[in-house]
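Chemist: For reference, the chains in residue letters:
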Amino acid sequence: MAVELKMPALSPTMEEGTLAKWLVKKGDTIEPGDIIAEIETDKATMEFEAIDEGTIAEILVEEGAENVAVGTVIAMLAGEGEDASEVSAASSSKDVAEPSSGGDVDDVPGEGKDTGREPAEAEITKKAAAKKPVADPAIPEGTNMVSTSVREALRDAMAEEMRKDERVFVMGEEVAQYQGAYKVTQGLLDEFGPKRVIDTPITEYGFAGIGTGAAMGGLRPIVEFMTFNFAMQAIDHIVNSAAKTNYMSGGQMRCPVVFRGPNGAASRVGAQHSQNYGPWYASVPGLIVIAPYDSADAKGLLKAAIQCEDPVVFLENELLYGRSFDVPDLEDHTLPIGQARIMREGGDVTIVSYSIGVGIALEAAEKLAKEGVEAEVVDLRTLRPLDKHTVLESLAKTNRLVVVEEGWPTCSIASEIQAICMEDRFDDLDAPVLRVTNEDVPLPYAANLEKMALIDSDRVIEAVNRVTYRNRN
Amino acid sequence: MTSASDEPAASNKPQLSLHVPEPKYRPGDQVDFSHLSIPPAGEQPRPDEACEAKETAPLCHDLIRVLGDDNRAHGPWDPKLDPETLRTMLRHFALVRAFDERMFRGQRQGKTSFYMKCTGEEATSVSAAMALASDDMVFPSYRQQGVLIARGYPLIEMINQIYSNKGDKLKGRQLPIMYSSREHSFFSISGNLATQTPQAVGWAMASAIKNDSRIAATWVGEGSTAEGDFHSACTFATVYNAPVIINVINNQWAISSFSGFAGAERTTFAARALGYGLAGLRVDGNDPLAVYASQKWAADRARANGGPTLIEYFTYRAEGHSTSDDPSGYRSAQEREEWPLGDPVMRLKRHLIALGEWDEERQEEMDREAAEEVKRTTKEAEKNGILGHGLHHPFRTMFEDVFEELPWHLKEQAEQAIHERKTKFPEGLPE
Numbered sequence: 001m002a003v004e005l006k007m008p009a010l011s012p013t014m015e016e017g018t019l020a021k022w023l024v025k026k027g028d029t030i031e032p033g034d035i036i037a038e039i040e041t042d043k044a045t046m047e048f049e050a051i052d053e054g055t056i057a058e059i060l061v062e063e064g065a066e067n068v069a070v071g072t073v074i075a076m077l078a079g080e081g082e083d084a085s086e087v088s089a090a091s092s093s094k095d096v097a098e099p100s101s102g103g104d105v106d107d108v109p110g111e112g113k114d115t116g117r118e119p120a121e122a123e124i125t126k127k128a129a130a131k132k133p134v135a136d137p138a139i140p141e142g143t144n145m146v147s148t149s150v151r152e153a154l155r156d157a158m159a160e161e162m163r164k165d166e167r168v169f170v171m172g173e174e175v176a177q178y179q180g181a182y183k184v185t186q187g188l189l190d191e192f193g194p195k196r197v198i199d200t201p202i203t204e205y206g207f208a209g210i211g212t213g214a215a216m217g218g219l220r221p222i223v224e225f226m227t228f229n230f231a232m233q234a235i236d237h238i239v240n241s242a243a244k245t246n247y248m249s250g251g252q253m254r255c256p257v258v259f260r261g262p263n264g265a266a267s268r269v270g271a272q273h274s275q276n277y278g279p280w281y282a283s284v285p286g287l288i289v290i291a292p293y294d295s296a297d298a299k300g301l302l303k304a305a306i307q308c309e310d311p312v313v314f315l316e317n318e319l320l321y322g323r324s325f326d327v328p329d330l331e332d333h334t335l336p337i338g339q340a341r342i343m344r345e346g347g348d349v350t351i352v353s354y355s356i357g358v359g360i361a362l363e364a365a366e367k368l369a370k371e372g373v374e375a376e377v378v379d380l381r382t383l384r385p386l387d388k389h390t391v392l393e394s395l396a397k398t399n400r401l402v403v404v405e406e407g408w409p410t411c412s413i414a415s416e417i418q419a420i421c422m423e424d425r426f427d428d429l430d431a432p433v434l435r436v437t438n439e440d441v442p443l444p445y446a447a448n449l450e451k452m453a454l455i456d457s458d459r460v461i462e463a464v465n466r467v468t469y470r471n472r473n
Numbered sequence: 001m002t003s004a005s006d007e008p009a010a011s012n013k014p015q016l017s018l019h020v021p022e023p024k025y026r027p028g029d030q031v032d033f034s035h036l037s038i039p040p041a042g043e044q045p046r047p048d049e050a051c052e053a054k055e056t057a058p059l060c061h062d063l064i065r066v067l068g069d070d071n072r073a074h075g076p077w078d079p080k081l082d083p084e085t086l087r088t089m090l091r092h093f094a095l096v097r098a099f100d101e102r103m104f105r106g107q108r109q110g111k112t113s114f115y116m117k118c119t120g121e122e123a124t125s126v127s128a129a130m131a132l133a134s135d136d137m138v139f140p141s142y143r144q145q146g147v148l149i150a151r152g153y154p155l156i157e158m159i160n161q162i163y164s165n166k167g168d169k170l171k172g173r174q175l176p177i178m179y180s181s182r183e184h185s186f187f188s189i190s191g192n193l194a195t196q197t198p199q200a201v202g203w204a205m206a207s208a209i210k211n212d213s214r215i216a217a218t219w220v221g222e223g224s225t226a227e228g229d230f231h232s233a234c235t236f237a238t239v240y241n242a243p244v245i246i247n248v249i250n251n252q253w254a255i256s257s258f259s260g261f262a263g264a265e266r267t268t269f270a271a272r273a274l275g276y277g278l279a280g281l282r283v284d285g286n287d288p289l290a291v292y293a294s295q296k297w298a299a300d301r302a303r304a305n306g307g308p309t310l311i312e313y314f315t316y317r318a319e320g321h322s323t324s325d326d327p328s329g330y331r332s333a334q335e336r337e338e339w340p341l342g343d344p345v346m347r348l349k350r351h352l353i354a355l356g357e358w359d360e361e362r363q364e365e366m367d368r369e370a371a372e373e374v375k376r377t378t379k380e381a382e383k384n385g386i387l388g389h390g391l392h393h394p395f396r397t398m399f400e401d402v403f404e405e406l407p408w409h410l411k412e413q414a415e416q417a418i419h420e421r422k423t424k425f426p427e428g429l430p431e
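The listed protein sequences correspond, in order, to chains A and B.
The numbers in full-length UniProt numbering rise by one with no breaks, and the one at position 31 of the first sequence is 31.
The numbers in full-length UniProt numbering rise by one with no breaks, and the one at position 38 of the second sequence is 38.
Footprint (simulated), chain A over chain B, 3 or more residues, beta carbon under 8 Å: (1) 166–175; (2) 253–262; (3) 408–421.
Derived list of chain B stretches under chain A, where covered just means 3 residues or more per stretch with a C-beta under 8 Å from a C-beta of chain A: (4) 217–228; (5) 394–400.
Hints in this document: simulated from the structure, not taken from any laboratory.
Built from N, CA and C at the ideal position, the CB exists for glycine as well.
Using the sequences and the accompanying hints, generate a full structural model.
Modeler: Dropping the structure here:
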């Protein structure tokens with residue numbers, strides 16, 4: 001039987017790579033264990049070994065090809081007794097995401113979207129609230145935008161602050177020679193040397209304490225956790241030491257430290273490595289908690305975090321590291337902490353989210369737009385202090401609100417938003433505020449269960465249908 | 001900080017400077033391990049198992065070795081194993097190596113997302129496990145597949161777990177290789193480092209409280225000894241004289257961080273025992289006989305209420321940390337070839353040949369059989385599915401085992417989810 005050789009994934013989060021080199025050619029006989037190709041990603045180069053034996057019948061992706069999606073059939077292998085010349089790829093199983101066809105939506109304000117009311121009542125549809133600029137106020141018009149991955153944006157933020165202020169340094173496991181476990185500190189060792197980019201022993205408890213002490217001692221440490229899942233043992237230093245220094249010293253002492261690293265679920269890293277600590281840290285007085293979505297916010301807010309006099313917990317997301325977004329090409333792109341951002345305007349329903357949830361909310365909003373529902377998407381960006389003004393202003397406009405959170409439902413940011421809406425703007429609500437969150441279980445490893453346990457845009461749409469009374473079930 | 005060092009000192013107070021460890025060799029460097037002190041086999045004294053902990057102090061800076069360059073066993077630590085036992089050990093080695101090879105390649109083919117080899121370190125788990133009783137409780141790290149194989153855990157269960165398929169006893173809830181078997185007294189592997197060390201001590205204390213006869217053994221990498229958990233484990237072990245063995249696998253590398261980042265530039269890991277008052281042994285981890293003998297010594301001591309032992313197994317991680325790691329970016333490829341303690345599998349093989357109990361032909365035959373067995377079992381396991389092939393685990397299982405009994409809110413969640421799925425798939429559920 002012919003065997004399809006597919007582009008291998010070197011890690012669960014790898015989506016594409018470069019087929020750097022073929023080490024075999026058509027007609028070659030291969031044995032299990034033979035190295036047949038070299039694959040490159042932005043993280044590493046790996047050798048691709050054969051696991052089956054046979055003859056290379058056809059090479060479908062030439063060497064040097066970039067952005068080859070994982071799972072793409074790159075070659076065909078003829079098995080024993082098969083004529084290699086007869087074998088060909090039956091069908092390319094490439095899964096190419098369909099580009100969203102935005103732009104052709106029938107977008108007449110107030111028409112066709114006012115579901116739940118009779119047409120005769122349409123004239124009482126509220127006018128859309130006065131337009132608020134979607135672009136961040138800090139960016140001047142006409143600024144050149146540069147497509148940058150979130151990973152690079154975070155690195156750039158650290159490098160810029162380190163150039164500016166010699167008190168700033170980075171420490172953590174694998175941050176120096178290895179360039180960070182997720183390559184976020186790429187190039188920093190070369191530029192700043194081993195005394196400002198410091199590899200530590202494997203003890204989150206230990207180096208969170210060292211970082212806290214260094215901040216109390218007048219430096220501005222950036223403490224990288226390989227993931228926030230490993231920082232639970234360090235939470236004592238973050239919560240009991242860093243967050244309380246200023247208060248308990250009667251304002252005499254500060255602790256300007258940044259604890260940063262990936263947070264939330266990645267792909268198939270199991271229950272112990274897939275947790276969202278946003279709600280945990282956001283409940284602690286004395287901490288600033290930031291969880292950006294795109295590259296511009298990652299850069300601007302990390303710079304703000306490093307400059308901040310308070311201890312900051314900066315929550316990144318592994319799945320976002322490789323995604324690229326526009327970043328304004330500015331001398332100093334620093335954003336204000338504690339300000340939410342309207343990612344998309346709409347008058348029918350408000351979707352509030354943060355971090356990776358924003359992408360899901362935006363995807364849902366695009367799908368809803370095709371059904372004539374205009375959703376306003378609010379990215380909280382900072383979880384503490386929470387910008388409830390922007391949330392409530394949007395609620396006043398749409399009267400319906402859904403919170404999207406890649407995390408558990410109980411004691412969540414979502415439940416906090418629900419409480420705020422009910423306490424402060426009960427009379428603005430035309431429907432109960434709903435939350436779309438992960439299932440309330442430790443995240444399973446198995447791909448199928450993991451997918452079902454995590455939020456997706458269909459669940460967001462379902463919630464929107466309910467708050468707009470479009471629920472057909 | 002740079003400007004501070006550029007400017008002349010403002011006063012005559014001495015300037016301080018920071019030491020950051022740096023490994024001796026980086027990619028491309030010529031490797032020379034002559035600075036390592038490797039004593040001849042057979043010269044290390046063997047104190048009585050019931051001795052005072054402090055009597056082991058010299059052994060914390062020595063290196064217990066049995067197999068000499070002549071492939072013969074020497075000295076008081078020779079466990080005097082019969083040839084049949086040695087051949088069993090060699091067979092376990094062959095199976096572990098064949099298993100590692102195939103699983104590693106399977107990951108490269110997308111059959112699983114992750115794998116970790118133990119190449120070069122086989123003795124530290126296989127030989128150690130053979131020195132323990134089969135029901136002694138084991139709290140492993142993630143590179144102890146040799147313990148399961150030595151205990152006769154079915155290969156197919158390991159592969160089912162790695163593939164997260166419908167045969168997976170852990171129901172798709174654990175990362176690949178994070179095995180767990182109560183029946184084989186093998187505690188669930190933790191993805192967070194060193195948490196197993198205090199757990200092993202706690203388990204051993206409980207065994208003592210119950211007046212049971214079983215002891216506990218735990219494995220931790222030298223890098224992870226920096227975790228606070230390790231400190232807590234040593235403290236509790238010595239305070240309560242817990243019947244436990246703490247095995248530190250010093251394989252020189254914690255991903256890209258060399259052992260110097262865990263303190264190896266200053267002292268040995270075995271010497272950690274001294275400060276706590278634990279018995280401590282430092283052992284050639286690539287010498288299967290020395291590994292067996294030292295583990296047996298510590299097990300006998302613990303079983304006789306003699307107290308806990310910390311053993312450093314000095315070895316070398318011959319492969320990358322995991323399938324996600326490429327060591328050519330941070331260490332010299334020559335290190336593996338130049339490693340002065342050799343390869344444990346080769347050393348045991350040569351010993352058996354020197355005894356006249358083995359030959360190259362039988363070795364080749366055994367390696368081939370091991371590879372065949374793994375291949376056959378892999379194909380069998382693949383019938384249960386591989387990673388990413390379909391719906392392996394019934395939907396309802398997601399809500400189970402969060403608590404001992406399904407609480408009301410999860411019952412509600414599950415019912416709601418099942419209802420939604422029925423609406424979505426009127427043709428029948430993809431169970």
